[in-house]
Amino acid sequence: MILTNTTNYFAELITYLSDKMGMGGQILGYVIVAAIYLAFFALAGLYLVYLERRVAAFFQLRLGPNRVGPHGLFQTLADALKLLTKELIGTDRKDNLLYHFAYYLVIIAALLSLSVVPFAGGIQAFDMNVGIFFISAVSSVGVLSIIIGGWGSNNKWSLLGGMRSGLQMISYELSSGLAILTIILLAGSLKMTDIVHQQEAGWFIWRGHIASLIAFFIFVVAGTAESNRTPFDLPEGEAELGAGYHSEYSGMGFAWFFLAEFINMFIISAVGVTLFFGGWLAPFGITDGLGMQWLWGLIWFFLKVGTFIFFMMWFRWTFPRLRIDQLLTLEWKYLLPIGLVNIVLMAILVYYNVIF
Amino acid sequence: MSYIGNVLGGIKTLLTGMKVTGGYFFPSIINKKYIITREYPEEPAIVADRFKGEVVMWHNDDNEHRCTGCQACEIACPNGSIEIIWDRVLNEETGKKIKVIDQHIYHLGMCTMCNLCIQACPTNAIMWSTNFHNSTYDRSQLTKVLNKPGSKLMAGVEE
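For the record, the sequence lines run as chains B and C. Read in my numbering, the first sequence has 302 at position 302, and its numbers run on one by one without any break. Read in my numbering, the second sequence has 92 at position 92, and its numbers run on one by one without any break.
Any given hint might turn out to be false.
Keeping only pairs whose Cα atoms sit at most 25 Å apart, straight-line, the calculated SDA-like set for lysine to any residue is [stated by the list, open to error]:
#: 1; chain 1: C; residue 1: K12; chain 2: C; residue 2: K32
#: 2; chain 1: C; residue 1: K12; chain 2: B; residue 2: G69
#: 3; chain 1: B; residue 1: K86; chain 2: B; residue 2: G69
#: 4; chain 1: C; residue 1: K33; chain 2: B; residue 2: V68
#: 5; chain 1: C; residue 1: K144; chain 2: C; residue 2: E92
#: 6; chain 1: C; residue 1: K19; chain 2: B; residue 2: V55
#: 7; chain 1: C; residue 1: K32; chain 2: B; residue 2: L328
#: 8; chain 1: B; residue 1: K333; chain 2: B; residue 2: N353
#: 9; chain 1: C; residue 1: K144; chain 2: C; residue 2: H133
#: 10; chain 1: C; residue 1: K32; chain 2: B; residue 2: G72
#: 11; chain 1: C; residue 1: K32; chain 2: B; residue 2: L61
#: 12; chain 1: C; residue 1: K96; chain 2: C; residue 2: H133
#: 13; chain 1: C; residue 1: K152; chain 2: C; residue 2: E64
#: 14; chain 1: B; residue 1: K86; chain 2: B; residue 2: L61
#: 15; chain 1: C; residue 1: K12; chain 2: B; residue 2: I299
#: 16; chain 1: C; residue 1: K32; chain 2: B; residue 2: V55
#: 17; chain 1: C; residue 1: K99; chain 2: C; residue 2: E74
#: 18; chain 1: C; residue 1: K32; chain 2: B; residue 2: Y104
#: 19; chain 1: C; residue 1: K19; chain 2: B; residue 2: G306
#: 20; chain 1: C; residue 1: K32; chain 2: B; residue 2: Y47
#: 21; chain 1: C; residue 1: K52; chain 2: C; residue 2: N124
#: 22; chain 1: C; residue 1: K32; chain 2: B; residue 2: K86
#: 23; chain 1: C; residue 1: K33; chain 2: B; residue 2: R67
Among chain C residues calculated to face chain B with C-beta under 8 Å, some are [claimed, not checked]:
#: 24; residue: G17
#: 25; residue: N31
#: 26; residue: H107
#: 27; residue: C111
#: 28; residue: Y137
These are calculated hints, taken from the structure and not from any lab test. This structure is a prediction, so every number in the text was calculated from the model and none was measured. C-beta: ideal position from N, C-alpha, C; glycine also.
Using the sequences and the hints, build the whole thing.
So, in structure tokens, the structure goes:
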């Protein structure tokens, strides 16, 4: 059943360095891996912002940023440079500790979830046996950071945004958790690499047919809601709340929240791809015989994640924002009952072995 | 049954919306002709004919204008944007002294583009230009002399 036999390149690097240089080498290895993830965090965040702006522009028959560098590729880098040099202005009598802790927490939550995402066979910081559970646990910490940021800002609109976010994310965590559980029933493992290797016989969206499809729809809706994107961007709600929980942040404080939002979108997409679309596996195994499997893995993974992200952007530029009561009706009266029925359906399917 | 109907109806309306926006996205990413944005400095701007950019005086190829110096525009202007410096010159043929403009001075910086001077002009000497590149580094450059140097009145305008 367990097919895992790939080497983990990050673990190899740390083992190699600690063999060579002892304790210092081990720490150096950890620092290198952390630096790689931080660099990925910043670059992916920036380029997702760029992608979002371009995609939004084409949806509205505009061109989007196209002046800084070829096709405007350096636009968001320039924006980040600007934000780095800006002064951090906070409100009077803000809760200094919580106000500044909030954006560290949001980065920590995003990076921790990123660390268990398998980018390709062997390219993953931790391959723990409760990987997918770890992601859903850690992504709840992101809610905390938003509530803390809203509370610490000493601004009623920020607090309202933070409270809304808590309400929304805790509600939708349930549905996404149920969708993930449905797939875990099929996979029989919480380990990310196991889940991917299980799909060598066929992606779970195909193997679990009807139940997987319903779980996928629930996951997409709940995932969009968890990443605080339109049509579920009530925590920001610029029409009602200014900018919601990050109204009172400026410069890099704001930028971290902004980047983390996009990284969360990436993580939701990566989890969706891992659970439903076979992670780094090539469709029908078309590149299996070729060399450089890790590179092909990366290419397929990012292609799939890119498609997923594009759909989330498509949702953003199509659907109007929900009202708070509509949001809760959708979750508690539709997604949750359907998810519960679906998990029973999947259990029956797995028990009678009517999966492909 | 209406519960499942609600869900399916909801999915259907969402897909309808996505079809509409996708119908904008995919053509515009393939072909640039669907994009509305004009990249102005590289592409010429589209300016409507009736756009009121600044007041200009029409001259023909022989450097002749139609302004008789009647000062109707100067009187019509509500905020004194127009000043006409004029003189009386003896006409050799008729032996009469007639008014001739020396400088038709136009303060673009004060002009509100109200159109009253152009409506007041009896000989259609001044008109709107659609030029909008009017910003300068010094406001003294906004004071313009509308009649070109050496220009004179077109024959037959005064009759």
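Against the structure, the hints:
1. C:K12 - C:K32: Violated: K12 of chain C and K32 of chain C sit about 30 Å apart, past 25 Å.
2. C:K12 - B:G69: 41 Å, violated
3. B:K86 - B:G69: Between K86 of chain B and G69 of chain B the Cα gap is close to 23 Å, so the pair holds against 25 Å.
4. C:K33 - B:V68: The hint holds at about 22 Å.
5. C:K144 - C:E92: 31 Å, violated
6. C:K19 - B:V55: 16 Å, holds
7. C:K32 - B:L328: 41 Å, violated
8. B:K333 - B:N353: 30 Å, violated
9. C:K144 - C:H133: 14 Å, holds
10. C:K32 - B:G72: 16 Å, holds
11. C:K32 - B:L61: Roughly 9 Å separates the two Cα atoms, so the pair holds.
12. C:K96 - C:H133: Roughly 43 Å separates the two Cα atoms, so the pair is violated.
13. C:K152 - C:E64: 5 Å, holds
14. B:K86 - B:L61: Violated, at about 32 Å.
15. C:K12 - B:I299: Not OK: K12 of chain C and I299 of chain B at ~33 Å, beyond 25 Å, violated.
16. C:K32 - B:V55: 14 Å, holds
17. C:K99 - C:E74: Given that 25 Å is the threshold and the Cα spacing comes to 15 Å, the pair holds.
18. C:K32 - B:Y104: 42 Å, violated
19. C:K19 - B:G306: Between K19 of chain C and G306 of chain B the Cα gap is close to 20 Å, so the pair holds against 25 Å.
20. C:K32 - B:Y47: 23 Å, holds
21. C:K52 - C:N124: 16 Å, holds
22. C:K32 - B:K86: Outside the cut-off at roughly 36 Å; violated.
23. C:K33 - B:R67: 19 Å, holds
24. G17: Holds: closest Cβ of chain B sits about 5 Å from G17 of chain C, inside 8 Å.
25. N31: Violated - the Cβ of N31 of chain C stays beyond 8 Å from chain B, reaching only about 11 Å at its closest.
26. H107: At 36 Å from the nearest chain B Cβ, H107 of chain C fails the 8 Å test, so the hint is violated.
27. C111: Where the cut-off is 8 Å and the nearest Cβ of chain B is about 33 Å from C111 of chain C, the hint is violated.
28. Y137: 24 Å, violated
The structure does not agree with the numbered hints 1, 2, 5, 7, 8, 12, 14, 15, 18, 22, 25, 26, 27, 28 stated previously, though it agrees with the rest.
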